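Number of protein chains: 2
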Amino acid sequence: MPQFMDVHHGMQGITADQLMEAHRADLAIEHDEGVHFERAWADPESGTVYCLSAAPSADAVQRIHERTGHPADEIHPVPVSI
Amino acid sequence: MPQFMDVHHGMQGITADQLMEAHRADLAIEHDEGVHFERAWADPESGTVYCLSAAPSADAVQRIHERTGHPADEIHPVPVSI
Numbered sequence: 001m002p003q004f005m006d007v008h009h010g011m012q013g014i015t016a017d018q019l020m021e022a023h024r025a026d027l028a029i030e031h032d033e034g035v036h037f038e039r040a041w042a043d044p045e046s047g048t049v050y051c052l053s054a055a056p057s058a059d060a061v062q063r064i065h066e067r068t069g070h071p072a073d074e075i076h077p078v079p080v081s082i
Numbered sequence: 001m002p003q004f005m006d007v008h009h010g011m012q013g014i015t016a017d018q019l020m021e022a023h024r025a026d027l028a029i030e031h032d033e034g035v036h037f038e039r040a041w042a043d044p045e046s047g048t049v050y051c052l053s054a055a056p057s058a059d060a061v062q063r064i065h066e067r068t069g070h071p072a073d074e075i076h077p078v079p080v081s082i
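Top to bottom, those sequences are chains W and D. As numbered in the numbering used here, residues 1 to 82 make up the first sequence, in order. As numbered in the numbering used here, residues 1 to 82 make up the second sequence, in order.
These are computed hints drawn from the structure, not numbers from a lab. None of the values given here were measured: they were computed from a predicted structure. For each residue, glycine too, the CB sits at the ideal point set by N, CA and C. Be aware that one or more of the hints could be misleading.
[What the hints assert, rightly or not] Simulated coverage check for chain W against chain D, where a stretch passes if three residues somewhere in it have a Cβ under 8 Å from a Cβ of chain D:
no., region
1, 2-14
2, 17-30
3, 42-49
4, 75-82
[Stated by the list, open to error] Which residues of chain W face chain D? A few of them, derived with a C-beta cut under 10 Å, are:
no., residue
5, Phe-37
6, Glu-38
7, Arg-39
8, Leu-52
If we strip away everything but chain W, and leave its shape as in the complex, we get (with noise of 0.2 Å):
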């Protein structure tokens, strides 16, 4: 399945916790979609967060994301990885 990285700004002092509760928050719908977030690693002083996720298109991605209330500002295809 495709992997996306998806971005998120203006995330400013997100905590481990809060990171955990939105990505448990994903996990819950994920399969409506077909998605899957894999991990996702944040920023707090600038505010942004990664998530690394497998999915049939980045509009799914979005939708879950949507749905959980932290839409993504950016979603990249990376279909080349190491």
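Please build the complex by placing chain D on the supplied structure of chain W, with the hints as guidance.
Okay, now just chain D, sitting in the frame of chain W:
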């Protein structure tokens, strides 16, 4: 060791071979700065590359990327991750 996500722009058309070549160049000298480059993901269409590393500092990451000819445009500490 702290983790960092660095971002490179302007890499339109990057191939799997080119990403691997760049990654191997980084790996060959990363120990000079106590850095380890763990993963990398590329979106050839937008020309964006994300690199995940463990390193003593963002400056250490950048010194390796500069020596191998691909300085990062952004380097974010990511102290919070899943």
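(message) Which constraints among the numbered hints does this structure fail? Numbers only, ascending.
(response) none
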